[in-house]
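Starting from the given sequences, assemble the full structure and let the hints guide the process.
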Amino acid sequence: MVHALKPNPKSHIQENWRILDFFSHHPESLHMFTFLFDDVGVPLDYRHMDGSGVSTYTLINKAGKAHYVKFHWRPTCGVKCLLEDEAVNIGGKNHSRATKDLYDSIAARSYPE
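So for the sequence shown, this note's numbering puts the first residue at 1; every next one is plus one.
Some clues are possibly wrong.
In silico lysine-lysine, DSSO-like type, Cα no more than 27 Å apart, as pairs [unchecked claim]:
1. LYS93 <-> LYS6
2. LYS80 <-> LYS93
3. LYS80 <-> LYS70
4. LYS80 <-> LYS100
5. LYS6 <-> LYS100
Calculated from the structure, these hints are not laboratory results.
Right, here's the structure in full:
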């Protein structure tokens with residue numbers, strides 16, 4: 001999937017047909033497809049977006065019983081998203097806005113929860 005999402009190595013332009021071709025040949029990617037093409041919008045920043053781990057882990061309790069787990073993070077400050085025109089406007093001015101917001105928040109000791 002990583003290669004399907006990368007831009008064309010010759011033109012350096014992302015091509016939608018490559019992404020859709022991958023999804024059409026890998027039905028297990030339906031969850032990712034719905035995530036990418038939903039109507040929620042672009043996250044406002046890293047502090048206001050849900051997160052989840054890619055891997056599944058095996059945790060073993062004190063009794064020795066194994067449990068398979070996936071981690072999901074939900075921000076206590078809520079999920080906030082931008083509309084498409086807002087994302088284009090903000091992203092066009094500063095493509096590192098979300099990273100700077102997170103850095104500045106941590107520096108101000110306003111840690112994301």
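Comparing the hints with the structure gives:
{"no.": "1", "hint": "LYS93 <-> LYS6", "verdict": "holds, 22 Å"}
{"no.": "2", "hint": "LYS80 <-> LYS93", "verdict": "holds, 19 Å"}
{"no.": "3", "hint": "LYS80 <-> LYS70", "verdict": "holds, 23 Å"}
{"no.": "4", "hint": "LYS80 <-> LYS100", "verdict": "holds, 17 Å"}
{"no.": "5", "hint": "LYS6 <-> LYS100", "verdict": "holds, 24 Å"}
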